[in-house]
Amino acid sequence: MQGDFSRRTHRAADHFAAVLMQQGRVQLDADFNEQAEILLHYLRTVVGDLVGPAAAPKDHAGFEIAAHNGSDGKLDDLLIGPGRMYVDGLLVENGIGRTGAQSTWTSYRNQPDGYLDPDSIADQLPTGTAYIAYLRVWERLITAVQRPHIREVALGDPGPDTATRAKVIWQLDTLAVTEDPGDRIDTAVPDALARLNPRPGLLAFRARRPVGVETDPCHLPPEAAFRGPENQLYRVEIHSGGPAWPQPGSRGLAARKGLRGATFKWSRENASVVFPILGVEGQQVRLATLGRDGKLGLEIGDWVEITDDAIASRVADERGLDFTQVVAKPPLLQVTAIDPDSSTVTLSGNTPSECGLHQNRHPLLRRWDQHGPTRYESPDDGTVLDLPLADDGALPVVEGMWIALEDGVEVIFRSPQVNTLVTTDPQPKTAAAPESLDATTGTYRPGNYWMCSARTVTGDVEWPKDKQGPIPLPAEGVHYHYAALAFVDAKGAVNDRRHKFVPLPHV
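So for the sequence shown, the numbering used here puts the first residue at 1091; every next one is plus one.
Every clue listed holds true.
Straight-line Cα separation of at most 25 Å, SDA-like style, residue types lysine to any residue; simulated pairs: (1) Lys1555 to Val1568; (2) Lys1555 to Asn1321; (3) Lys1385 to Gln1236; (4) Lys1555 to Arg1545; (5) Lys1385 to Pro1319; (6) Lys1419 to Arg1409.
Computed spacing ranges between beta-carbons, pair by pair: (7) Leu1563 to Leu1133: 23 to 33 Å; (8) Asp1471 to Asp1383: 40 to 50 Å; (9) Pro1248 to Thr1194: 28 to 38 Å; (10) Gly1272 to Val1116: 56 to 66 Å; (11) Trp1195 to Gln1125: 31 to 41 Å.
Don't read these hints as lab results, they were simulated from the structure.
Glycine included, C-beta positions come from ideal geometry on N, C-alpha and C.
Take the sequences, apply the hints, and build the full model.
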């Protein structure tokens, strides 16, 4: 999640039961957050063991799907019943008011976190074909920008924020099928969606002394690999999705245009540097603030992302996508001018359509820290490439090459089918850029992310290692959970497929 955290320490494999504070010790955000994650892991595991991967309590079963027919008598929307259910142990609620009472039904078109475009064909329900109506469940970080009421105004108005929140997001979507899957419906949805992203890519971090650092007397001690002046929490996040870019070959990539694979963006502050947007006019964006200081502010040349609740929610879209192909996202934009008097920045292009026009969607500008050209180096033969940013303002995902971020911090992408690291460090040599693509290339979903803390005391990053070096790991998130709700036949008839359970004393 994109919060201002020092690091993330929870690891389920540690089997910790609790975090125990000691007297007279410094309290850290990481300890507090680990306790929350330990408890959530326990509760969600227990619920999943008791009721299965997706089930609703019989007396308060939510997410009943019913047909809504238009004036022509044909199905034109799906109604969603109030209540609750559990998906992989996560509590999912629909229509639960502030008093705890269940409210009225909602619908596919009006679901709270759907942000569907009524004019988009892709957002319409399938017609003339059978499909499964399913629930997609995931978690999103919420800050005082999205929910101002969590800010303590006694600290100043406007004043600093404090803690953030994790919100469970649910979205109703559909999966076209040729026939009723029957008893296989519970696995039909995750199996079909897994085929969209067949080889989720891996990533590893390391710290290595940058080339030429020995000649700079102002740096840290020469044995330090991480050369940054401050402790950081680095975040690497997939921007445009798809397969990795082609591997090094004889035809240069640097001179070629267009997206030829997935791209990534990175931040030294875990992407927590954000600026609420007050208004947008063309390429000019008026902000509520330009930041607390230079470290957490904006400079000319920075790459930024314009987003809001709708864009953040739609990153989970799956319909019509295939992550073995390039899934382009709106390009990141570069800051070209800053007017401190009016807190207005000028960007290198227009903002996404309608973003910033709806204040109730909490538009914001998020700073990223990538730049180009960036050094890519093969651990196998020392091949070195200096690659520019891709057309979307992010960096190409090239597997099997160490990619320099800054201050000695480097990352490497790996396919899950080719995940052995070579840690030799031969003399670099110049070569042509990536070209050929094969079936073992990893695939990358937009929004997937990895985090890694870097510390000045050790001069290193905190990343698991084995005898071969840094271990390539799957993305830390976003984790999506699925539940089949109903089968809808080609004529629009709805067949409820939810699992329901009764309280244990009634069994």
